[in-house]
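Peer 1: Heads up: the protein sequence lines correspond to chains Y and Z, in order.
Just so you know, we're using my numbering here: the first sequence kicks off at 265 and counts up by one.
Just so you know, we're using my numbering here: the second sequence kicks off at 4 and counts up by one.
Hints are all accurate, no fakes.
Okay, the calculated bits of chain Z under chain Y, using three or more residues with CB under 8 Å as the criterion:
#1 29–39
#2 139–152
#3 158–164
#4 328–341
#5 384–393
If we take Cβ atoms under 8 Å as the criterion, some of the chain Y residues that face chain Z in the derived model are:
#6 ALA294
#7 GLU295
#8 ASP299
#9 ILE323
#10 PRO325
#11 ILE345
#12 CYS387
#13 TYR392
#14 LEU415
#15 THR416
#16 TRP438
#17 PRO442
#18 LEU458
#19 ARG467
Honestly, the hints are just simulated from the structure, not real lab data.
C-beta: ideal position from N, C-alpha, C; glycine also.
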Amino acid sequence: MLVTGCAPGETQTAEPVAEEGLPGYGRTEAEKLHDKEVLAEVFLNENELETIAALCDLILPATAMIGGALEAEVPAFIEFIVKDMPNHQLPIRGGLAWLDNHSLKAHNLEFKKITLDQQKAICDQIAYPGKTAPDMMPGEKLFTRMRNLTLTGYYTSKVGIEDLGYKGNVANTWDGVPQEILDEQGLAYEPEWLAKCIKPSQRGSVAEWDADGNLLN
Amino acid sequence: MATKILAEAGFDVAVLEAGPFFDPKQDEHRNQFRWPYESPRRGASSDRRSFGDFDAAYGGWNIEGEPFTNAEGTDFWWFRSRMLGGRTNHWGRISLRFGPLDFKRKSVDGLGDDWPIGYDDVKPYYDKVDKLIGVFGSRENIKNEPDGFFLPPPKPRLHEMYYINGARKAGIPVIPSRLSILTKRINEERGLCFYCGQCNRACQWYADFSSGTCLIFPAQKNGGRVQLFTDAMVSEVTTDKEGKATGVTYINKQDKKTYHLKAKTVVLAASACSTARIMLNSKSSVHQDGLGNSSGLVGRYLHDSTGASRAVFIPQLMDRKIYNEDGVGGMHVYTPWWLNDAKLDFPRGYHIEVWGGMGMPSYGFGFNPNDLNKVVGGAIGGYGDSLRDDIKKYYGSVVGISGRGESVPQRDNYCEIDNEVVDQWGIPVLKFNYQWTKHEVNQAKHMQDTFEEVLSATGGTLLGDKPGKDSDYGLTAPGQIIHEVGTTRMGNDPKNSVTNKYNQLHDCENVFVMDAGPFVSQADKNPTWTILALAWRASDYLVEQVKKRNI
Numbered sequence: 265m266l267v268t269g270c271a272p273g274e275t276q277t278a279e280p281v282a283e284e285g286l287p288g289y290g291r292t293e294a295e296k297l298h299d300k301e302v303l304a305e306v307f308l309n310e311n312e313l314e315t316i317a318a319l320c321d322l323i324l325p326a327t328a329m330i331g332g333a334l335e336a337e338v339p340a341f342i343e344f345i346v347k348d349m350p351n352h353q354l355p356i357r358g359g360l361a362w363l364d365n366h367s368l369k370a371h372n373l374e375f376k377k378i379t380l381d382q383q384k385a386i387c388d389q390i391a392y393p394g395k396t397a398p399d400m401m402p403g404e405k406l407f408t409r410m411r412n413l414t415l416t417g418y419y420t421s422k423v424g425i426e427d428l429g430y431k432g433n434v435a436n437t438w439d440g441v442p443q444e445i446l447d448e449q450g451l452a453y454e455p456e457w458l459a460k461c462i463k464p465s466q467r468g469s470v471a472e473w474d475a476d477g478n479l480l481n
Numbered sequence: 004m005a006t007k008i009l010a011e012a013g014f015d016v017a018v019l020e021a022g023p024f025f026d027p028k029q030d031e032h033r034n035q036f037r038w039p040y041e042s043p044r045r046g047a048s049s050d051r052r053s054f055g056d057f058d059a060a061y062g063g064w065n066i067e068g069e070p071f072t073n074a075e076g077t078d079f080w081w082f083r084s085r086m087l088g089g090r091t092n093h094w095g096r097i098s099l100r101f102g103p104l105d106f107k108r109k110s111v112d113g114l115g116d117d118w119p120i121g122y123d124d125v126k127p128y129y130d131k132v133d134k135l136i137g138v139f140g141s142r143e144n145i146k147n148e149p150d151g152f153f154l155p156p157p158k159p160r161l162h163e164m165y166y167i168n169g170a171r172k173a174g175i176p177v178i179p180s181r182l183s184i185l186t187k188r189i190n191e192e193r194g195l196c197f198y199c200g201q202c203n204r205a206c207q208w209y210a211d212f213s214s215g216t217c218l219i220f221p222a223q224k225n226g227g228r229v230q231l232f233t234d235a236m237v238s239e240v241t242t243d244k245e246g247k248a249t250g251v252t253y254i255n256k257q258d259k260k261t262y263h264l265k266a267k268t269v270v271l272a273a274s275a276c277s278t279a280r281i282m283l284n285s286k287s288s289v290h291q292d293g294l295g296n297s298s299g300l301v302g303r304y305l306h307d308s309t310g311a312s313r314a315v316f317i318p319q320l321m322d323r324k325i326y327n328e329d330g331v332g333g334m335h336v337y338t339p340w341w342l343n344d345a346k347l348d349f350p351r352g353y354h355i356e357v358w359g360g361m362g363m364p365s366y367g368f369g370f371n372p373n374d375l376n377k378v379v380g381g382a383i384g385g386y387g388d389s390l391r392d393d394i395k396k397y398y399g400s401v402v403g404i405s406g407r408g409e410s411v412p413q414r415d416n417y418c419e420i421d422n423e424v425v426d427q428w429g430i431p432v433l434k435f436n437y438q439w440t441k442h443e444v445n446q447a448k449h450m451q452d453t454f455e456e457v458l459s460a461t462g463g464t465l466l467g468d469k470p471g472k473d474s475d476y477g478l479t480a481p482g483q484i485i486h487e488v489g490t491t492r493m494g495n496d497p498k499n500s501v502t503n504k505y506n507q508l509h510d511c512e513n514v515f516v517m518d519a520g521p522f523v524s525q526a527d528k529n530p531t532w533t534i535l536a537l538a539w540r541a542s543d544y545l546v547e548q549v550k551k552r553n554i
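Okay, chain Y solo, but in the shape it has when bound:
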């Protein structure tokens, strides 16, 4: 947990959590100090965070099977990363302001307050690079950045990794591509190549060689 839940506005209460919210793995003193400072900073305001949450939910909503960007606490990730990577700050702040201006002109309400259908109607004009009207380009820039951050925040979260189905990051013994996959791909290992490779049963014994470098066991 970096900061408290994803609900808008709650990040202001993050400060007490920040201490224990520091990463629990090998950090240098300079890194610990930096992360602590960034966690304690406030950049995005309440309205911006609520708008980000609305966009996150539009970009990756929950499905019947698995949680979406909000369940994966993506807004909290974005809240952090915008502070950690200052190059995001102006484009996000400016982009969100543009989005509200646009929404106010069309509906006399900020983006987060218009209906889902109205939100989608705006997104449809800014979510498809190459098809965006020239005067909507600021919206496309914002939406592309938000899509990137939402997807990267989601697929690096516990929920997102489950959705992706990534199977690694555990101790195992690699013994080649599963046969069924090879069959599907119409591929096969070359016997000569395979003969050179490690067999799982061979792993445990301490290596011995003859004088020419031929492995004996």
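Place chain Z on chain Y using the hints.
Peer 2: Just chain Z now, with coordinates in the frame of chain Y:
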């Protein structure tokens, strides 16, 4: 390596490290098996850790308070890792022997210089390093790619099978890679590889090579008298009025005070450029231009490997069934240089590394999730559930290859002391002067032509435009491949070299350089295995000279 050999020979060894202690076995230092969400920036790189939050190397292209400078027109990148074991904690573990031709390139192409030693001088030490540390590979009997005492290699992964097929069609050799990772037990002390693919995070089981886990800790454990001085930034080697080394001066980064450590012999292994910096900053009445610098060559002949890359999208790898293919921390297959006998418009060669697969996501994963729809068809951008499908459709469908080549060492490519800038410890910093020549640019062009041919032969669609002349064919900036070598090159003539063929300074018999500084040239092979072999050889020589009372 010197620490282990000298301690085991009964010497009292003091190791000075400019950064903190590091042991990946200690949980507070462990990055291995962390999940991306354990990092608030999801593993992204930062000014504090260039290769990302989970990479083992502290620092990187930037070290706060310890700058370096580039001369006008130079864009040298210098990667430093301040910690016990330094860059060996995160390196690629590619462990290639130099071949007979690699020590005698001038005799082949007339450029640069030959080494004062040949493959036969180093072979016994390569053999010993293989057996002590462990390297997997296969016996191939290829000219200039000497075989060693190998552990068996892991089987290729799916994307590597596509590369093998492409290389076969293009008529380019491809063989199992050679990495210092334990696929099989080498002794009872170190653990076996468990295929997490995270060697760059440093292994808590010591199943890959780093100098801390495989050399310094065992030297301590074997009863060697080894004393570690961490956070000890060496500023200079001190000498007496005859010019003989008396020890080193260092700054303790904790109390910020300066200390002197007496020594009978000094071994410098701070990395080629840091060693040159220490030597150039060690001026005395005898060594007026810096220790060991009567030739004026300390810092000169600095050279890095060349690099260039390209990637391919393979439609057959869309919508993959997911299984764990993390494998070892690096490629399972590679292409060694195959054109030693060809007439080309550049000298020396390169090898090709392969990457791809269904890796663990980190910051950046999911950016532009459906750009490949440009190739396959379908909408670009969008939002909602279709994005989940796009992510899964393209996960693991891109394969990349990178060339790593030999550059020709130049006298005019060098690092020197920048008299106008000091670091936070008051030590004058290095200034780099470095330009690639037409040789490296032509080599990069050849790489791009080869990449196009091999990747096209995989049946996939090449990504991005082929880098052309305007970008020097995608040639990396000097320093970026992090193979800095040559700054204290060895030779028989003291006027034309800094050390003799045993890594010993011509000008100062009790100072040795045991990093890559003494390299006369560096082949297209990653330097680590040769650094280790030469350091062992030099340490044996040092012990013998002390026994004979010559030092």
